[in-house]
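Enquirer: The chain contents come next:
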Amino acid sequence: MATEPPLLSMSGITKSFPGVRALDGVDLAVQAGEVHCLLGQNGAGKSTLIKVLAGAHQPDDGVIRWQGDPVTLRSPIAAMRLGIATIYQELDLVEHLSVAENVHLGHEPTVAGFVVRGRAARASTGALLRRLGHAEIEPARLVGELSAAQQQIVSMARALSHDVRLIVMDEPSAALDPDEVDNLFRIVGDLTADGVAVVYISHRLEEIRRIGDRVTVLKDGRAVAGGLPAKATPTREVVALMTGRNVEYVFPARPSDGAAAPGGAGGTGAGDAGDAVGPPVLEVRGLARDGEFAPLDLSVRPGEIVGLAGLVGSGRSEILETIYGARKPTAGEVLVEGRALRPGSVRAAVRAGLGLAPEERKAQALLMLESVTRNVSVSSMSRFSRGGWIDRRAERGAARAATRELSLRPDNPSVPVRTLSGGNQQKAVLARWLLRGCRVLLLDEPTRGVDVGARAELYAVVRRLADEGLAVLLVSSEVPEVLGLADRVLVLREGRVVHTAPARELDEHRVLDLVMEGSPAS
Amino acid sequence: MTQPVSPPRDSTDKVPQIPLPAWRTVLARADVRTLSLVGVLAALIVIGGLTRPDEFLDTRNLQLVLTQASVIGVVTVGMTFVITSGGIDLSVGAIVALASVWATTVATQEYGFAGILFTAMIVGVGCGLVNGLLIAYGGMVPFIATLAMLASARGLALQITDGRTQIVTVDGVLDLGERDAYVLGVPPLVIVFAIVTVIGWLVLNRTTFGRRTVAVGGNAEAARLAGIDVRRQRLYLYLLSGLCCGIAAFLLIILSGSGQNTNGNLYELDAIAAAIIGGTLLTGGRGTITGSVLGVLIFTTITNIFALNNLQSDVQQIAKGAIIVAAVLVQRRTASTT
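Quick note, the sequences are listed as chains A and B, same order.
Numbering-wise, the first sequence is residues 1 to 522 according to my numbering.
Numbering-wise, the second sequence is residues 523 to 860 according to my numbering.
Chain A extracted, bound-state conformation:
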């Protein structure tokens, strides 16, 4: 396939934003018909690079060649005309338009300037969807009614509705379940067989091994390695290139390591975590929400980390949010230290000592325009106020103490929270609940959007908080994270607990079996 010149070559691409040099002389060469993977931590410059490629950002310096000829990608339309399509992580679909209308958005078939509605557009959309193996998506349906995975397919159909030569996919598998990922890979394979080049961005090394041809690794706005063989390069080397060190996941030791006890069947498992003693601080009895998850029992004792493992759509986040009162249960109750909470009331939950670090940190937890201090103090304002009057010095001092305890960087809580990295933003959320003096911490995907390097630190923080007597309920789609961090694991499948066991009695394969088969394999 690799004929000269390459389909796309970018050389010396530089792009600065006020205060940051996002790209610092990046080179990238993509051949027709290959899957070229782009790896790098958050902030390494991946997003900026693909935006330059999509014509959304103009580079300050550097040359882009398309089939050997220098080109300027002045706008997204210019990139599209060349045959470059981008599928962003945040899908850019219009929810209130139909599938067909979305697919043809911007290049609607017209007659004398009027948009032709109906049959022709729907037929061509249907053909595209069949090609993508998703004939079940109705072209006339509204995009807002589709699942995240289906929306991604629509986004891909839109890319293919142009005469496309190169497709950029930004973490396409992030919102997909394993079988949907398989379908995605099949599509990628079909595309490359047709000579289309794919630039594939993912955090998941195993995916890159499966479908990638070559890998370019970005770090701090520079390409630290270009065109490595995707299948042959050892993981250790790739991780070392990305992070500058040789760690992947490092989990803190459990206080109970060394002891061993069988897990309970009903969720209120027998004591296995050494430090988790005494009565449970959080008890969930028969909690259910119609259509989301079946009646659930679980309990968490002080010092214990309980993990919920399951696929997207298994009801994990819904369970956490219902415990927290953000959703109203259809049955069951939540007890904190033996007292039942008013169902469906976040305020009752917070007052009783629950704290939630939600999945969508920016949308659900942070006040992005505000300083770290105000983000940390927002749940404890009554502690620094008298008659509604805020003692700002006390507030600053308390916020500083809480963020220091979690070694949040930079060590200056008056900076705006939006300038922090993902890991430190998560620490700001944790500091909020630490300051509030919460006794039960609910963590929903705590390391989403957090650098590999910063994860280990976050794990250590969570473990330390548990050791200090906090009860932690953890939800994560990354099985190694649940197994590495939790003391006890509940495996969920389609809104039902299918297995409960101490984390050290499980391994990743076993959990994945359970998650997909639903029966405890032996």
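Derived from the structure by calculation, the hints contain no laboratory data.
A few of these clues could be false.
Stated by the list, open to error - Ranges between beta-carbon positions, derived for each pair:
#1 B:Y659 x A:A460: 23 to 31 Å
#2 A:H96 x B:D580: 53 to 61 Å
#3 B:L724 x A:E237: 56 to 64 Å
#4 B:T805 x A:S75: 21 to 29 Å
#5 B:V560 x A:R141: 34 to 42 Å
#6 A:G397 x B:D697: 49 to 57 Å
To be verified - Every beta carbon over 12 Å from chain B, so not counted as near; a handful from chain A, in silico:
#7 L93
#8 A288
#9 L367
#10 S382
#11 G387
#12 E468
All residues carry an ideal CB built from backbone N, CA and C; glycine is no exception.
Start from chain A and add chain B according to the hints.
Expert: Below, chain B alone, put in the same frame as chain A:
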């Protein structure tokens, strides 16, 4: 910096602090936005002084400008809170009208000064209560709920007055508009405006109520999950706006010595424009009382200069529109560079 740009070494330090020149850090501390508004106001005063040196800088004229600014200013303080919370109150002008006519009916005037003051406030708070309940607990969009209030409050005001001007006969109220009532040359209306401004600033910047307002406007879902009672906060905010309208109605009664159903016409637009020019985000999450008050003063001063130069109100309206556009464009620029 000797090395102009170096890649961030620490992943936690993604926005390296490039030191600004000294004069810029000083300005940044003092808030560029507020300073630029002060600059515009100063420029207007110079223009006024140059075009109409005798009339504009006359004490009586300055007293008049400030008095006119007081009525809309009090409304704008309430509006700033509502906008900061991510809401909007289109009914302020209509509430001012309704409160001013309800407080000046023959029946109300029998209760004298206290009757008028009390009625104006109660009508304002009552309208705010309806707005707040519809929005916070009825799940209505603020735009629609307050648009409905605008229509019905105006209608009710017309029904009460039957289109007639209701002359105030209570001496205690009328006296407050007289020059004898000025304190060291400052009209009582301006004193009320100043007090409302100071209280508004303190509440927004120094109290839990202000913090909750900002949190709800910045991210209502995050505020809810942080344990804030978002609905109750929204209710309070529309009550507050209604209360400000009641106070403004009372000031208008003093100023005009009457109550009319046409009072407060287009106050909603002036108040929103002043708040936006001042730097309050229409999307919520950031609000500034100082900016709003400067916005009001800028608008009132322009109106005054145009009137002194015999320019018609149509020209004034066009100029106001241009200023709104210019202010927002300038703010977007400063927002993206700071």
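Enquirer: Now look at each hint and say whether the structure bears it out.
Expert: Now for the hints, and whether the structure bears them out:
no. : hint                        : in the structure
1   : B:Y659 x A:A460: 23 to 31 Å : violated (44 Å)
2   : A:H96 x B:D580: 53 to 61 Å  : holds (58 Å)
3   : B:L724 x A:E237: 56 to 64 Å : holds (60 Å)
4   : B:T805 x A:S75: 21 to 29 Å  : holds (26 Å)
5   : B:V560 x A:R141: 34 to 42 Å : violated (55 Å)
6   : A:G397 x B:D697: 49 to 57 Å : holds (51 Å)
7   : L93                         : holds (21 Å)
8   : A288                        : holds (21 Å)
9   : L367                        : violated (4 Å)
10  : S382                        : violated (7 Å)
11  : G387                        : violated (9 Å)
12  : E468                        : holds (22 Å)
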